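Starting from the given sequences, assemble the full structure and let the hints guide the process.
2 protein chains.
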Amino acid sequence: MASIAHELAKKQKEISISEFFEKNKHILGFDSLTRALITAVKESVDNSLDACEDAGILPDIFVQVEKVANNEYRIVVEDNGPGIVKKQVPNVFGRLLYGSRFHVRAQRRGQQGIGVSAVVMYAQITTGRPAKIRSRISDEDVAYECEIILDTKKNRPQTMKEDFVIWEKPHGTRFEVNLRGKYVGGKQSIYEYLKGVAIVNPHARITFIQPNGGNVVFERSTEAMPPPTNEVRPHPEGVELGELLNMAKYTEAKKMTSFLNTEFSRISLRVAREILDAADVPHNQRPSRLNLNQAGDIIDAVKKVKIMAPETDCLSPIGEGLIRKSLKNVLGETKASFYAPPVTREPKVFGGNPFIVEIGIVYGGQLSREDPVQIYRFANRVPLMYQQGACATTQGIENVDWRRYGLEQRGGKGIPYGPAIILVHVASTKIPFTSESKEAVANVPEIREEIELALKACARKLKTHLNKAERKSKARVKFEIVQEIIPMIAQKSAKIVGKPVPDIAGTITKIMNVVWVDDEVTHNKKKTHRVSVKLYNYTPKNQKLQLHMVLPYEKVDEKSLTLEPSEVRDGTKVTWNMKKVAPTEVFELAFDMKGLDGGDYEENEVFVSGIDAASVIGADVLPGDWDLEHITITEEKAAPEEEADEGEIDYDEGAEVIENEE
Amino acid sequence: MASIAHELAKKQKEISISEFFEKNKHILGFDSLTRALITAVKESVDNSLDACEDAGILPDIFVQVEKVANNEYRIVVEDNGPGIVKKQVPNVFGRLLYGSRFHVRAQRRGQQGIGVSAVVMYAQITTGRPAKIRSRISDEDVAYECEIILDTKKNRPQTMKEDFVIWEKPHGTRFEVNLRGKYVGGKQSIYEYLKGVAIVNPHARITFIQPNGGNVVFERSTEAMPPPTNEVRPHPEGVELGELLNMAKYTEAKKMTSFLNTEFSRISLRVAREILDAADVPHNQRPSRLNLNQAGDIIDAVKKVKIMAPETDCLSPIGEGLIRKSLKNVLGETKASFYAPPVTREPKVFGGNPFIVEIGIVYGGQLSREDPVQIYRFANRVPLMYQQGACATTQGIENVDWRRYGLEQRGGKGIPYGPAIILVHVASTKIPFTSESKEAVANVPEIREEIELALKACARKLKTHLNKAERKSKARVKFEIVQEIIPMIAQKSAKIVGKPVPDIAGTITKIMNVVWVDDEVTHNKKKTHRVSVKLYNYTPKNQKLQLHMVLPYEKVDEKSLTLEPSEVRDGTKVTWNMKKVAPTEVFELAFDMKGLDGGDYEENEVFVSGIDAASVIGADVLPGDWDLEHITITEEKAAPEEEADEGEIDYDEGAEVIENEE
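As they're listed, the protein sequences go chains A and B.
If you read the first sequence in the working numbering, its first letter stands for residue 475, the second for the next number, and so on.
If you read the second sequence in the working numbering, its first letter stands for residue 475, the second for the next number, and so on.
Just so you know, these hints were derived from the structure itself, not from any lab.
Take these hints with a grain of salt, some might be off.
[To be verified] With a Cα cut of at most 16 Å, we get these calculated EDC-like pairs of lysine to aspartate or glutamate:
id, chain 1, residue 1, chain 2, residue 2
1, A, 777, A, 920
2, B, 723, A, 625
3, B, 560, A, 625
4, B, 485, A, 705
5, A, 561, B, 488
6, A, 485, B, 994
7, A, 560, B, 481
[Said to hold, decoys possible] Per label pair, the in silico range of CB-to-CB distance:
id, chain 1, residue 1, chain 2, residue 2, range
8, A, 724, B, 577, 34 to 40 Å
9, B, 577, A, 690, 27 to 33 Å
10, B, 625, A, 487, 14 to 20 Å
11, B, 762, A, 542, 22 to 28 Å
12, B, 1029, A, 480, 42 to 48 Å
13, A, 612, B, 778, 48 to 54 Å
14, B, 1029, A, 840, 57 to 63 Å
15, B, 754, A, 484, 39 to 45 Å
Every value quoted in this text rests on a predicted model; they were computed, and no experiment measured them.
From the three backbone atoms N, C-alpha and C, an ideal C-beta is built for every residue, glycine too.
As structure tokens, then:
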């Protein structure tokens, strides 16, 4: 037995990171020939976009894929970025785990220092050929060009050739590599990847020369760079105990107060003192003396003390307006009947990293009713093409009971069916990908939860749209019948018995016994939208209600308002205290909105309060504290929550169900 | 601009592998508190099992999970393995990418040199505490015990404390760690993981002390170790050009012939010469002189020359018998009505690595008809608990059109619905996991293809079962009616016209015009199975057919055979040349099978040939060359293939569809 332990000991040795990935190239996204080619383009284009944005340059990216032999392609990716200084070129392209963005807490596409070096490695494994890089920085007259391979035993670049060459480009980088792969069309293709890049990077121009020579240009649709994103310090929420101890060990701060204040975001000196008091740690203690118990107490104190949400200037969401425009632009041919107003949520935090979730839903038109909905996934403005099933965005979609929102879904679990496209974008200073191939967001509970809330918020708008037309027309028919037939009966009866026709308004209200809300948006050519909300009191008593709408209030022409709102919250949540409405009377609220494009505001979101849900038709009752995520659709029969939970698809993760031992 | 390039250059630096994973702990399986706890147990138990098997010891594993504080647990995993020599303990537990199995081409659970060190790192990040390891090798009197942490800046272990202690165990290793986590029950739990381990490792005893003190023992069901698996050299199929060049550079062989012969499996000197001739490379050339073109030619030549399939002694599949027993054992309470005979395929190769796929299907009983089928996934005898959606096994299941095999499936794509459990096991000298957390098999085309073939082979047996009972009883009813009514009509008519009753056998055959095959298996208490196949010729002409069955021929009692088979292929594919059967006559084949357990042979697989499919009822026509994967079920209306392919679920990968440019 001892000899076995010694025998085994002899075999135990270090594994170089590049040997590891050489044997596990599928982890890097090279698991099939088709995917290898897409991964190679993706890694290089992501790098180019990051470089341009770091330098504040509008990206102009050139991509060429050329067939060299059966299952062998040459890929060229060229950008107009700032270039890379000569000394760093081999390291950037020929060494795994080397880069500029890993230690930075900021929204970038690349974060691992692996991507493009992995392409170089895969290329040399499969074709035996080096990669060729050319780079010029703007204060040099010439470009530096070299051929490198990655020595996988040492994880170091090896320069095979180098030279200075004339290049007409004032600055930029060109990456050229031969690799084994397979070029395909269809949904998972280089073309679709570049189209996705164009959707979420409207400031980039992308030129694509296909293997058949075909030339596609995705023109930029804006000359404005996205606002630059700043580096941030970690937000204290979710920082782990071991990390805190480590930070305390290496900080330059001399006291605990300044340590917390300088190393974290959103901790002012006042908040720092508050945390330390709650944790019973002296303000002046040297951070390096922080012990395990104290660190634990600080972690607990952070949860109790009120700390501001993270800064948003470190994140670059696509934005609601742009999501809608991009979707309309790209999906024009589907003639979709409804583009749900996109949702961009407030930033949240996981493990100290701020993140934002954005959702867009497109419905109807020529989208297939028989197939599962299409899912468009993006992370930090990069389209995710593979591993849909492993992605927190997909799991979020699977966890929502879409039957409540008008889509078909067996058992209320899984990817729903119906004529819809769901777009999900996660932006963060740190995207927790499930692997180095960066194709799926890990199932971090904080992120999945936000995705689900965002999906529900957007789905609610879809449901509102689907319900509204139908239930309004039904209600109208009912009212028309009652309003025509009862007066007729009254007249007939009066005639028969020879008495005057009685006032039957009261009778009608007794029969109906509801408040009916009817709203509409009309737009004219001058880009003015006219909004009208009418409230018919068909109950036998006076009604004094509040009317609520969700809309961009800055677009409301205040002069046109027939009633001043009593409150405008967050610029979008507007409340009107209505005057008393007597039985059979009507109240109308109307106003104009200006400066909107045709499709920007197509449907009102109307709520009422001061009445029970069963007594109102045509609008929902506002949930407490504008809690719109948890609104219940009352008039359509929704499947009860319990039934939905029974569906036992084992869609991974998310199983934090029972604490067995308690 | 130049200043930007220089500015960026300053930020570019190396990232240590442990810093990388410290920031990307979700990649290692620590993305949620629940999963963190399962991952920690999984990594340590996998290590323990590997160690025991390396030493030929029947594993006796002890697992304890204990609640320490809110969301903090202590995990202890103890084994009776050979122990680890003192000098290696810190490296094995406190250093990422360090281990004994990475450079070995053999079927092992651990292959990356990451797992258990990652647990140590996660523990210290979340609780600030070191891991405690005790290990004793059998020629030492005492055990070595130490507390270590992993210095993430350097990726080196740091020993905090060490000592020698008395330990009653003669040899073994004990691993103890405190970490942040959450203990849950349900489908994704430590209990279910250990149960899965027990299913596929019947030689292991596992004791589990739960946080509530509850004690579960999974007893071993066999005292026999699985046959030891050998290391193998790479199989030449799928070796990449760059790898070949690298191997040629580092080999000790002096000539190309001996290089190919010694560095690869299944290349004899004769085959080596054949390859070199086909590639036009001199036999005596020094391998180090191999150039790019020559290497490419050798790769091409390998595809042309006939090379034996890989050795199987490097793999340890579960085996058909054990799969059935384990499933019956564990799933007894479901009272399933059918356990399809499991399928263990022949080994195949991807990128030089042999692998085997195994499938089991359980159907009926109390399994829910309303839910998606349950999927049990295993890789190298380890249950896979997470990332089902990303796994090639799941994608294989989604790609099969299960409507052809009796399960419900919308559009013929996606996870089917119905009362079934599908077990998939992939065994390989190298499992290509999608990430370091080892929870999903990457979508390597060779593997996914094998999975689909294996699934179809097993599903066919399910379909046979489902169809058989039903169609036989239908056919019987039809025959009985015809055989009763026509003679009655004949008698009546004869009576009326006063003529003798005609012979109507010929008339019946004209009406029916089919060959009817009826088979059954009966078993008695002596474990003898009696098999009978009857063939009724209800056609108007003589039939001379061949009868084929799939069964374990070594179990057939040859003395009992009423007809000698004309061929037995692969020990399972048996053919009988039947004598001529005249119209209205019956042919019967019967024999006994011995040495089988009650459930081992429950249903015959019968085929015929020498007749067109439309003219036979009760058996399928054998597809050409026993191509059972591609058999068409003729009598039940199967959905046409084209329709199935239209379902456009975008289940990742697998999109190698069109070569656009050609």
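Okay, the hints, checked on the actual structure:
1. A:777 <-> A:920: The given pair, whose Cα atoms are some 15 Å apart, holds under the 16 Å limit.
2. B:723 <-> A:625: Judged against 16 Å, a Cα distance of about 13 Å means the pair holds.
3. B:560 <-> A:625: It is violated: about 33 Å lies between the C-alpha atoms, which goes past 16 Å.
4. B:485 <-> A:705: holds (13 Å)
5. A:561 <-> B:488: Holds. Residue 561 of chain A to residue 488 of chain B sits at ~14 Å (cutoff 16 Å).
6. A:485 <-> B:994: Violated - the C-alpha atoms of residue 994 of chain B and residue 485 of chain A are around 56 Å apart, more than 16 Å.
7. A:560 <-> B:481: Holds, because 13 Å separates the two Cα atoms, which is no more than 16 Å.
8. A:724 <-> B:577: 34 to 40 Å: Holds - the Cβ-Cβ distance for residue 724 of chain A and residue 577 of chain B, about 35 Å, lies within 34 to 40 Å.
9. B:577 <-> A:690: 27 to 33 Å: Because 45 Å falls outside the window, the suggested range is violated.
10. B:625 <-> A:487: 14 to 20 Å: For residue 487 of chain A against residue 625 of chain B, whose Cβ atoms are near 19 Å apart, the range 14 to 20 Å holds.
11. B:762 <-> A:542: 22 to 28 Å: Cβ of residue 762 of chain B to Cβ of residue 542 of chain A: about 26 Å, so the range 22 to 28 Å holds.
12. B:1029 <-> A:480: 42 to 48 Å: Roughly 46 Å apart at Cβ, these two residues keep to the hinted range, so it holds.
13. A:612 <-> B:778: 48 to 54 Å: With a Cβ separation near 53 Å, residue 612 of chain A and residue 778 of chain B satisfy 48 to 54 Å, so the hint holds.
14. B:1029 <-> A:840: 57 to 63 Å: holds (59 Å)
15. B:754 <-> A:484: 39 to 45 Å: holds (41 Å)
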